[in-house]
Amino acid sequence: MKAGVDRYSSVAIALHWLIALMVIGQIAGGLYMHNLPKEQAELKFQLYQLHKSFGVTVLFLTMLRLGWRLSHKAPPLPAAMPAWEKAAARGAHVGFYVLLVALPLVGWLIVSSSPYADSVQTYLFGVIHWPHLPFFDGVEDRKALSHDFAEIHEYLAFAMIGLIGLHVAAALKHHFINKDTVLAHMLPAAGRRA
Amino acid sequence: MRMILLAAAAVALAACGSKADVAEATPADASAPETDETEVSPAPPSAAPAAAAADSAAAQKWDLPPPAWNVDTTKSRLTFTGTQTGKEFAGSFSKFAATIIFDPNNLPDSSIEVVVDMASAKTGDRQRDDALPSKDWFAVAQFPTATFTSSEIVEKGANAYEAKGILKIRDAAKDVAAPFTLTITDRAVADGTATLVRSDFGVGQGEFATGEWVGLDVKVSFHIEARR
Ligand code: HEM
Ligand code: HEM
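Residue numbers (my numbering), protein chains in the order written: chain A, 1 to 194; chain B, 1001 to 1228.
Hints may be right or wrong, so weigh each one.
Said to hold, decoys possible - Covered stretches of chain B (in silico footprint by chain A; criterion: 3 or more residues with CB under 8 angstroms from a CB of chain A, positions within the stretch not fixed):
hint, segment
1, 1127-1138
2, 1147-1154
3, 1207-1216
Keep in mind the hints are simulated off the structure, nothing from the lab.
Cβ coordinates follow ideal geometry from the N, Cα and C atoms, glycine included.
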């Protein structure tokens, strides 16, 4: 093990995995709740409340994470990596950050513009009031607008799914094929390769 | 007040065989004198201000105007149950005022008026309680109160009555009938229930005008305790 920065800080690692877990839960939960039939209205309603709660949590954690990222060094990628791979890795990471902010924001737009907005206030985890964005009071067809945001939200989620697929494949390739330390960068101490 | 005295007088006159005119003078009162009125000597109209004598055991019950009842607001409840996403929820109005003029023996002159502070509705769920005052539901900024004004109270059996009248919620007024039971001891205790269809009153606009998320039927119950 080299001296100096050979992995992300514990905070960065904790945030990476916490957010990763939530995002995967958000995607699975989002698709599931969206496809629930009307007959399961109560479950559907409760899942939407949870989805909003965790989604906004992801937004906050991402802000924290970005702040941390900009003030702390990341470990360098292996010197042996071709430049295009490094660029692809960075591009993917930037893409993640963009999606981690955009997805919750667009989700917020869906619920704020919804015709249900007045009657369904958001309480994060049933406790903290989360306001609606105020831009939609005069909108004629809120249903259509909200639906458009939901489409965008869905496409962004698909983009996220694609990126996760690439990202995980790359991480596993580094670990099992290149046998380098890239995966170890993001693992807690116990899981690191010496 | 004056009406019942006139009516009683009319009935007495009618009993004496003087049928001319009086029957049509008091058409509303056909049901009042079910009692054995043969021994009744109706009070003269001038006795009206002496209504304070109503409590006197000696007073003939049909001679007197129905008393006003003081509602015990700490013990009285106005509650409702509805369904949201198929699940039942319960709520209550913490602020309402009732003007109750009631005598089981003088139903025609009895009346009930209830004024409900719509902003006082609470269901124990933040999301719902945020929604209730909003414009799609009670719209309390525009319509702060709902009122029930009885038009008729009828007996339905032993200790059982029905108050018919007009219920106004938001800007919609509709005839409703509220059956209730009543026991009068040292105090009067009334319990009743009516099922309303919220869409009749425009409660639940837009996406909520149908029962998809929130059921249309709302059961409203009241428990009133009052003293004279
Ligand atoms: C990382 C954060 C998030 C992810 C990964 C995510 C993912 C998803 C996914 C996959 C769906 C299902 C899309 C579909 O089948 O159409 C969905 C739906 C939805 N999401 Fe999110 N979401 C996130 C954050 C949020 C937030 C913060 C909100 C609101 C505050 C939100 C509101 C919604 C709503 C309202 C829907 C339902 C749209 C519909 O049924 O048409 N989401 N989300
Ligand atoms: C929803 C899921 C995930 C998201 C949103 C995500 C996001 C990110 C981001 C933004 C970075 C860049 C960190 C930075 O330099 O600022 C990163 C790094 C990393 N991620 Fe993930 N990740 C996810 C899931 C995973 C999974 C499942 C694995 C492992 C199989 C993984 C392994 C890694 C590794 C090894 C790095 C460090 C790469 C390096 O050394 O630069 N990630 N991830």
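These are the hints, each one checked on the structure:
1. For the segment 1127-1138 of chain B, the assignment as covered by chain A holds, since 7 residues bring a beta-carbon within under 8 angstroms of that chain's beta-carbons and 3 suffice.
2. Look at the segment 1147-1154 of chain B against chain A: 0 of its residues bring a Cβ nearer than 8 angstroms to a Cβ of that chain, fewer than three, so the hint is violated.
3. With a threshold of 8 angstroms between beta carbons, the proposed coverage of the segment 1207-1216 of chain B by chain A holds, since 4 of its residues qualify and at least three are required.
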